[in-house]
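Q: One letter stands for each residue in the lines below.
Protein chains: 2
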Amino acid sequence: MNATPPRPRLVKTVDELRGILDGVRRSGRRIGLVPTMGALHEGHLSLIRASKAEYDYTVVTIFVNPSQFGLGEDLTEYPRTLDADMDALTGCGADLVLAPSDEEVYRPGHATWVEVGAGAEPLEGRHRPGHFRGVATVVLKLFNMVGAQAAYFGQKDYQQVLVIKLMVADLDLPIEIRVCPIIREPDGLAMSSRNACLSPDARQQALVLWKSLCLAGELVEQGECDTRIIAERMRQTIAMAKDARIDYVALVDPDTLEPVDRVEGRTLAAVAVHIENTRLIDNCLLKAES
Amino acid sequence: MNATPPRPRLVKTVDELRGILDGVRRSGRRIGLVPTMGALHEGHLSLIRASKAEYDYTVVTIFVNPSQFGLGEDLTEYPRTLDADMDALTGCGADLVLAPSDEEVYRPGHATWVEVGAGAEPLEGRHRPGHFRGVATVVLKLFNMVGAQAAYFGQKDYQQVLVIKLMVADLDLPIEIRVCPIIREPDGLAMSSRNACLSPDARQQALVLWKSLCLAGELVEQGECDTRIIAERMRQTIAMAKDARIDYVALVDPDTLEPVDRVEGRTLAAVAVHIENTRLIDNCLLKAES
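Protein chains in written order, with this note's numbering: chain H, 2 to 291; chain X, 2 to 291.
Bear in mind the hints are in silico, worked out from the structure with no lab data behind them.
What you are looking at is a predicted structure, and each value in this text was computed from that prediction instead of being measured.
Built from N, CA and C at the ideal position, the CB exists for glycine as well.
Don't take every hint at face value.
[As the list claims (entries may be wrong)] Each pair of labels, with its calculated beta carbon distance range:
#1 His111/X to Pro130/H: 42 to 48 angstroms
#2 Ala197/X to Glu17/H: 47 to 53 angstroms
#3 Arg30/H to Gly20/X: 19 to 25 angstroms
#4 His128/H to His111/X: 22 to 28 angstroms
#5 Asp262/H to Asn278/X: 50 to 56 angstroms
#6 Gly92/X to Asp256/H: 47 to 53 angstroms
#7 Thr91/X to Gly110/H: 40 to 46 angstroms
#8 Gly71/H to Glu105/X: 44 to 50 angstroms
#9 Asp23/X to Arg263/H: 41 to 47 angstroms
#10 Asp75/H to Glu43/X: 55 to 61 angstroms
#11 Gly218/H to His111/X: 32 to 38 angstroms
#12 Thr91/H to Asp23/X: 32 to 38 angstroms
#13 Gly110/H to Arg229/X: 38 to 44 angstroms
[As the list claims (entries may be wrong)] Below, a sample of chain H positions facing chain X; criterion: calculated Cβ distance under 8 angstroms:
#14 His111
#15 Asp171
#16 Asp173
The following block holds chain H by itself, in its conformation from the complex (with noise of 0.2 angstroms):
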């Protein structure tokens, strides 16, 4: 008997893993997935451990997707800590883990992708064109190496749950699209990858994101509905910290990420925010009193 905590396998082909999942689902284990871009941290934690409680087989895949980085972007930079990732996995319950070269993932000659609908458009779709396309595409991709039960995702990137959702209905996928809460910092501070390139002094700025969304709650709950007064006061809130550009702040239906004018029932609360070079998102449901 070993007391070390297991540390999951770690495979960079799709052959390997199919070879390997064709025996877990023989042996009738269910499956399920979570689809990261690395740089762990709780939040992607936090999912493995959902599926680990609700799947008997839990695949992590880690790959930088370049289709879903834009010109100009950030893919460069996002940070690449594959050991790191894999110390973070040990004892976790992440059973393997597929981390792909590019090669592997879009073969010479790549010409088929996802055209995802409106949902795609307006926030994140607007300010990085394109994104949502490279997103459904590898999410479908990584859904058909694995064919797992279940794919597990964060609450952070609201949109792209959304999107995917919408994709899964439209394309009959057969899989179950599981999202889980926000995982932050004690300070507040979202939980993101991105979060590492921050340097101190932009890593106390970056709080304004929380700070805007938690007052746009305030204020909803203090009886403010009018979204134009809540979202001047979040932006007030986000100016306060002098490297910050914000790229959108949002009060949308959280179906169909339409604005809203008046909070009602669920809005959702959503912003977007350069600090120095770094670009964070974050969002909440606001609910009114009804």
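Dock chain X against chain H, hints included.
A: Only chain X this time, still in chain H's reference frame:
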């Protein structure tokens, strides 16, 4: 015991289909899929027999897919003959037929599409804009609904097979694509559901497609390699039908569908011709002596 050949089970919804197929999979049986638009003929039946020979359980889908028809095309005229199809399927080896409504396949708000690459651009793609986007999307959906190990397609829709194979490779779909030869009437006309739309006179004229392909084969056998000359002779043959209107006569690389100047090694000869109001396609592979 009953001497009547077994009639396949008919289902109309994806839920019902999945319930049955879950049981089939649990029993360890492997599933073959034959996607069709109905109006079944010997070409379809040859696909079903091939599936029956290789797999334990054969699913036939019958769905006239609106999204692959363009404006002004024959969506409303396309033959729909479900009762006759069920008769044709009796005893031929199909186990289950899915014949869903348009609404069952495309939920309200459907907005996710498969964007196909360069293989979909020439030939049919040029004359039927959006056709392969609709084909690829519905085929992907049917693959996801059924979860078969293999799907069977006819070589008559040569470019369709190519586009589907590219999609399967690009999206890592866990399915084998099997391609079966064109089945012809005794006089050479390629079997097609659209043949039912031909008047007796048009039926006779429709032979020019096959005649033009036979001529191409003869010319190549006689040593003619110049594709301009071969195509011109093919056009002359087709023009002998008084109601023929040519969409294309093409001599192309069978893998890329790019035009070739000379028949060297394998070359695809493909034709699309309107006879009266019916658009027909046919093709054959030419092989030059090397």
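Q: A separate judgement is required for each hint: does it hold in the structure or not?
A: How the hints compare with the structure:
1. Separation of His111/X from Pro130/H is about 22 angstroms and departs from the stated range, judged on CB atoms against 42 to 48 angstroms.
2. The given range of 47 to 53 angstroms is respected by Ala197/X and Glu17/H, whose C-beta atoms sit roughly 49 angstroms from each other.
3. For Arg30/H and Gly20/X, the Cβ-Cβ distance of about 22 angstroms falls inside the hinted range of 19 to 25 angstroms, so the restraint holds.
4. The beta-carbon spacing between His128/H and His111/X, approximately 26 angstroms, falls within the hinted interval of 22 to 28 angstroms.
5. At about 52 angstroms, the CB distance of Asp262/H to Asn278/X agrees with the hint of 50 to 56 angstroms.
6. Between Gly92/X and Asp256/H the CB atoms are about 49 angstroms apart, so this pair conforms to the stated range of 47 to 53 angstroms.
7. One distance hint, 40 to 46 angstroms for the beta-carbon pair Thr91/X and Gly110/H, holds here, with the actual separation near 43 angstroms.
8. Between Gly71/H and Glu105/X the beta carbons are some 37 angstroms apart, a value that contradicts the proposed interval 44 to 50 angstroms.
9. Checked against the hint of 41 to 47 angstroms, the pair Asp23/X and Arg263/H passes, with Cβ atoms roughly 45 angstroms apart.
10. Between Asp75/H and Glu43/X the CB atoms are about 57 angstroms apart, so this pair conforms to the stated range of 55 to 61 angstroms.
11. A C-beta distance of roughly 35 angstroms is found between Gly218/H and His111/X, which places it inside the suggested range of 32 to 38 angstroms.
12. Judged by the Cβ atoms, the range 32 to 38 angstroms given for Thr91/H and Asp23/X holds: they are separated by roughly 35 angstroms.
13. In this structure the supplied range 38 to 44 angstroms is violated for Gly110/H paired with Arg229/X, their Cβ-Cβ distance being about 28 angstroms.
14. The criterion of a C-beta within 8 angstroms of any C-beta in chain X is met by His111/H, whose closest approach is roughly 5 angstroms, and the hint holds.
15. Satisfaction of the interface hint for Asp171/H is found here, the shortest Cβ-Cβ separation to chain X being roughly 4 angstroms, below the 8 angstroms cut-off.
16. Annotation: Asp173/H was flagged as interfacial toward chain X, and the flag holds, the nearest CB pair being 4 angstroms apart, inside 8 angstroms.
Hints 1, 8, 13 from the earlier list are contradicted by this structure; the remaining hints agree with it.
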